[in-house]
Amino acid sequence: MAASDLLARAEDRLIEISVTLTDDAAVRELNRDWREKDKPTNVLSFPAESIDPEDPETIDEVLDMLPAEAPLMLGDVIVAAETVKAEAAAQGKVPRAHLMHLIAHGLLHLLGHDHVDDDQAEQMEAVEIRCLAGFGIQDPYAEIEGAPDAD
Numbered sequence: 255m256a257a258s259d260l261l262a263r264a265e266d267r268l269i270e271i272s273v274t275l276t277d278d279a280a281v282r283e284l285n286r287d288w289r290e291k292d293k294p295t296n297v298l299s300f301p302a303e304s305i306d307p308e309d310p311e312t313i314d315e316v317l318d319m320l321p322a323e324a325p326l327m328l329g330d331v332i333v334a335a336e337t338v339k340a341e342a343a344a345q346g347k348v349p350r351a352h353l354m355h356l357i358a359h360g361l362l363h364l365l366g367h368d369h370v371d372d373d374q375a376e377q378m379e380a381v382e383i384r385c386l387a388g389f390g391i392q393d394p395y396a397e398i399e400g401a402p403d404a405d
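Under my numbering, the first residue of the sequence shown carries the number 255, and numbering increases by one thereafter.
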């Protein structure tokens, strides 16, 4: 798997990501400019251009160019604060937990995960659930008792 390749090659090196919490208008603009979707979304991920988690050679090339003490920059995770609050309210979730879920989701994209088909989505969701459990956050995909219907 791409994520384990990247992490194994990085060994003891610090890994860095940028997380930006912004408004829906800014996320809509980024979504339009980079994905040709003229609407806000909850989270966007932009991998660092110099590394391709699917290609072990590019990982090694980047690590070889960096000083040993320099962190490996994976990329940027951009989160739409207004959308996070609205989704959390609509789904009966704690906003902070939903925010953590979306940051984890974005990070997994930077590590090479995707959800373009059902199998990939299941694998990615399983990793998200395990990661969030480590922070004491319940399964974000579980039905929440008393939450409004998601029609």
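Because the hints were derived from the structure by calculation, they are not lab data.
Small disclaimer: the values here were computed from a predicted structure and weren't measured.
Quick reminder that beta carbons are idealized off the backbone N, C-alpha and C, glycines included.
Treat each hint with caution, since some may be false.
Computed spacing ranges between beta-carbons, pair by pair [claimed, not checked]:
id, residue 1, residue 2, range
1, GLU270, ALA351, 33 to 39 Å
2, GLY390, ASP314, 32 to 38 Å
3, ALA387, ARG267, 21 to 27 Å
For each hint, the structure was consulted:
1. The hinted window of 33 to 39 Å between GLU270 and ALA351 is violated, with their beta carbons roughly 24 Å apart.
2. Our hint of 32 to 38 Å for GLY390 and ASP314 holds, since their Cβ atoms are close to 36 Å apart.
3. With their beta carbons about 26 Å apart, ALA387 and ARG267 fall inside the hinted range of 21 to 27 Å.
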